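In the order they appear, the protein sequences are chains A and B. Heads up, the first sequence is in my numbering, so the first residue is 97 and it goes up one at a time. Heads up, the second sequence is in my numbering, so the first residue is 218 and it goes up one at a time.
If you're looking for bench data, these hints aren't it; they were derived computationally from the structure. As the structure is a prediction and not an experimental result, all values here were calculated from the model. Backbone N, C-alpha and C define an ideal beta-carbon position, used for all residues, glycine too. A few of these clues could be false.
[To be verified] Some chain B residues well away from chain A (every beta-carbon gap over 12 Å; in silico): (1) Gly-230; (2) Pro-262; (3) Ala-278; (4) Asp-362; (5) Tyr-440; (6) Gly-445; (7) Glu-450; (8) Met-478.
[To be verified] Within a straight-line C-alpha distance of at most 35 Å, the following computed DSBU-like cross-link-like pairs (lysine-lysine) qualify: (9) Lys-358(B) x Lys-266(A); (10) Lys-226(B) x Lys-305(B); (11) Lys-315(A) x Lys-337(B); (12) Lys-231(A) x Lys-358(B).
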Amino acid sequence: MASLLVSPAEQDYITRGVEKGIRCDGRSNLDRRQVTLRTDMISQANGSARCRTGDLGLGTDVLVGIKAEVNTWQPGESEDQGSIVCSVECSPSAAQEFEGRGAEDLNVELTQLLDRILNGPQSGIDLRNLCIIPKQAYWVIHIDALVLDVKGSIVDTLMWATRAALLSTKLPRVVVETISDENGDTQAEFDVVDDPEDVAPLEGAENLPITVTFNQIGKRYVLDASEQEEAITQAKLTVAVSPQREICAVQKGGVLRGFPPSLVSEIMQTAQRVSQEELRQFDVLYAAARAEAERGGAEASTGSTFLNQF
Amino acid sequence: MATNIQDRKRINGPTRSVEPISTAEPVEPFASGRLDGRALDQVRPIFMKTGSLDSQASAQAAPSGSAYYEQGKIRISCAVYGPRQGRKSNAKMGIFSCDFKYTPFSCSWRKSHIKSSDEKEISLILEQAVAPAIRLELYPKACVDAFITVIESDGKAATIAAAINCISAALVDAGIELYDSVAATSMALNGTQWISDCTQIEEDSTSCSLLVARMPSADEVAYILQHGKTKIEQTEEGFQACVNACTKVYAVMCRYLQGSM
Numbered sequence: 097m098a099s100l101l102v103s104p105a106e107q108d109y110i111t112r113g114v115e116k117g118i119r120c121d122g123r124s125n126l127d128r129r130q131v132t133l134r135t136d137m138i139s140q141a142n143g144s145a146r147c148r149t150g151d152l153g154l155g156t157d158v159l160v161g162i163k164a165e166v167n168t169w170q171p172g173e174s175e176d177q178g179s180i181v182c183s184v185e186c187s188p189s190a191a192q193e194f195e196g197r198g199a200e201d202l203n204v205e206l207t208q209l210l211d212r213i214l215n216g217p218q219s220g221i222d223l224r225n226l227c228i229i230p231k232q233a234y235w236v237i238h239i240d241a242l243v244l245d246v247k248g249s250i251v252d253t254l255m256w257a258t259r260a261a262l263l264s265t266k267l268p269r270v271v272v273e274t275i276s277d278e279n280g281d282t283q284a285e286f287d288v289v290d291d292p293e294d295v296a297p298l299e300g301a302e303n304l305p306i307t308v309t310f311n312q313i314g315k316r317y318v319l320d321a322s323e324q325e326e327a328i329t330q331a332k333l334t335v336a337v338s339p340q341r342e343i344c345a346v347q348k349g350g351v352l353r354g355f356p357p358s359l360v361s362e363i364m365q366t367a368q369r370v371s372q373e374e375l376r377q378f379d380v381l382y383a384a385a386r387a388e389a390e391r392g393g394a395e396a397s398t399g400s401t402f403l404n405q406f
Numbered sequence: 218m219a220t221n222i223q224d225r226k227r228i229n230g231p232t233r234s235v236e237p238i239s240t241a242e243p244v245e246p247f248a249s250g251r252l253d254g255r256a257l258d259q260v261r262p263i264f265m266k267t268g269s270l271d272s273q274a275s276a277q278a279a280p281s282g283s284a285y286y287e288q289g290k291i292r293i294s295c296a297v298y299g300p301r302q303g304r305k306s307n308a309k310m311g312i313f314s315c316d317f318k319y320t321p322f323s324c325s326w327r328k329s330h331i332k333s334s335d336e337k338e339i340s341l342i343l344e345q346a347v348a349p350a351i352r353l354e355l356y357p358k359a360c361v362d363a364f365i366t367v368i369e370s371d372g373k374a375a376t377i378a379a380a381i382n383c384i385s386a387a388l389v390d391a392g393i394e395l396y397d398s399v400a401a402t403s404m405a406l407n408g409t410q411w412i413s414d415c416t417q418i419e420e421d422s423t424s425c426s427l428l429v430a431r432m433p434s435a436d437e438v439a440y441i442l443q444h445g446k447t448k449i450e451q452t453e454e455g456f457q458a459c460v461n462a463c464t465k466v467y468a469v470m471c472r473y474l475q476g477s478m
């Protein structure tokens with residue numbers, strides 16, 4: 097964060113290291129720190145996940161809860177689509193400057209980035225599947241993320257947690273019936289099935305993109321910047337890539353410098369390659385998290401497991 | 218109880234509203250060329266004027282620099298104040314901040330007076346896009362504020378690009394030290410074809426939009442934003458097209474700014 101002070105000597109040391117491909121914590125430029133992923137942590141939510149990048153108790157920590165709601169259609173809204181609503185909040189527990197309105201800018205930036213990646217055909221989720229009855233009712237998927245700790249690379253951790261939460265999301269089944277009244281007019285009505293066992297996963301969640309954020313330090317760039325590296329970074333580029341290797345969103349951050357155009361092209365190519373490795377790593381971690389959640393069953397949401405591993 | 222009393226002096230509208238049935242044919246913007254007859258890579262004509270908000274009567278209240286910018290139907294006004302006393306007294310570098318506002322009548326639907334999250338985000342985008350060009354290290358403990366008012370908008374990405382160009386011109390007018398001026402353009406992807414500087418109608422029928430801000434003399438990309446899905450080759454192609462278009466916009470800006478000195 098901006099409050100972290102890095103001396104010129106330290107800055108020089110980190111920059112030269114990055115240009116040679118060695119980082120302070122022993123990683124290479126394109127390595128990610130250890131990632132811990134847990135799903136189904138919140139029993140009240142339709143889906144939830146928590147992701148930490150970095151060492152135990154020292155990493156960036158994001159908790160995402162998904163709530164699905166049925167909304168009544170209003171004139172002016174698209175007729176046959178549901179919607180996804182994102183909201184990211186940085187907790188003052190993460191950093192002192194988030195107190196009060198201090199996190200407002202960051203909240204807006206992260207919320208809009210998430211919205212840009214998820215709310216539309218680029219997310220891989222077909223919003224038409226979220227429609228229950230056209231011009232009557234549709235599902236709204238609320239994605240609420242809480243950033244509990246910040247130690248660099250907040251966007252990627254947020255996206256890992258969101259992807260895991262959406263993959264673990266279960267929507268209740270909806271029964272649509274057509275009723276005709278005495279005039280012979282037919283009308284569709286729906287019922288949300290109350291049975292917690294009678295649920296279906298969110299269609300298309302496996303097509304969700306993943307983000308890779310590169311921070312430019314000196315003449316080179318690093319993936320998953322630590323807190324120190326982020327403090328001296330000149331510019332950063334976030335690229336969202338789908339499992340089909342398509343680019344779903346690109347956004348530059350950082351106010352100090354711009355990129356040379358050749359570096360932008362190079363980063364895009366690297367992003368495409370690195371994201372596929374990251375997706376494989378994600379799948380492994382997600383499968384393990386699912387297995388853990390199923391083994392834990394009802395205990396998964398109790399306090400002790402919530403704190404464990406984080 | 219007050220809610221039950223009917224206001225007899227006014228004609229109250231019906232409580233239920235029904236969507237009007239539109240009889241207009243749906244417009245297909247790219248069926249035969251573009252609606253306004255432009256080439257696919259053509260940017261709408263640009264008009265700009267610096268010092269538009271200089272008031273002769275009260276020099277004290279006038280902003281340090283200002284600019285008015287038109288690009289097709291887009292009309293933007295920008296005022297720059299500063300360098301002036303910053304909020305943080307110990308900052309080693311100056312702070313550049315933007316305040317972006319749509320007027321309520323600037324879009325096809327009415328915008329609220331209250332600042333929306335959309336406007337907050339565009340403010341951030343503008344800060345990140347323009348700040349790399351400003352020599353902020355020369356203004357310790359100070360801040361430079363830009364206030365952008367969109368009088369009329371036509372296409373979201375194109376409006377943001379126009380706002381970046383407008384701020385650049387206003388910064389020059391204010392005499393703020395810059396490395397280079399930032400020129401921005403937007404593109405949208407229709408099928409496999411990139412289309413430059415889309416209007417709202419065109420933007421609604423495209424799948425992906427790309428915004429690039431560039432400092433041509435320094436050869437740096439100050440900002441890049443893509444919304445929507447593409448193949449990587451398409452992104453590269455669109456990026457190159459934007460970079461080229463930025464150079465053309467930059468030439469227009471420079472010619473005007475040199476002439477206005």
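Structure-based check of each hint:
Gly-230(B), annotated as away from the interface, keeps every beta carbon of chain A farther than 12 Å; the closest lies near 14 Å. A cut-off of 12 Å between C-beta atoms confirms that Pro-262(B) is not in contact with chain A; the least separation is 26 Å. The non-interface label for Ala-278(B) is consistent with chain A: the shortest C-beta to C-beta separation is roughly 28 Å, beyond 12 Å. Distance check on Asp-362(B): its Cβ is at least 14 Å (rounded) from any Cβ of chain A, clearing the 12 Å threshold; non-interface status holds.
Annotated as non-interface, Tyr-440(B) brings its C-beta within 12 Å of a C-beta of chain A; the closest such distance is 5 Å. With a least CB separation of 5 Å from chain A, Gly-445(B) falls inside the 12 Å interface cut-off, contrary to its annotation. For Glu-450(B), the shortest C-beta to C-beta distance to chain A comes to about 10 Å, within the 12 Å cut-off, and the non-interface label is violated. With a cut of 12 Å on Cβ distances, Met-478(B) stays outside the contact zone with chain A, its closest approach being about 25 Å.
A threshold of 35 Å between alpha carbons decides the hint, and for Lys-358(B) with Lys-266(A) the separation of about 52 Å lies outside it, so the pair is violated. This hinted pair does not check out: Lys-226(B) and Lys-305(B) have alpha carbons roughly 55 Å apart, beyond 35 Å. As the CA atoms of Lys-315(A) and Lys-337(B) are separated by approximately 32 Å, the hinted pair is consistent with the 35 Å bound. Distance check on the hinted pair: Lys-231(A) and Lys-358(B) sit about 55 Å apart at the alpha-carbon level, beyond 35 Å; violated.
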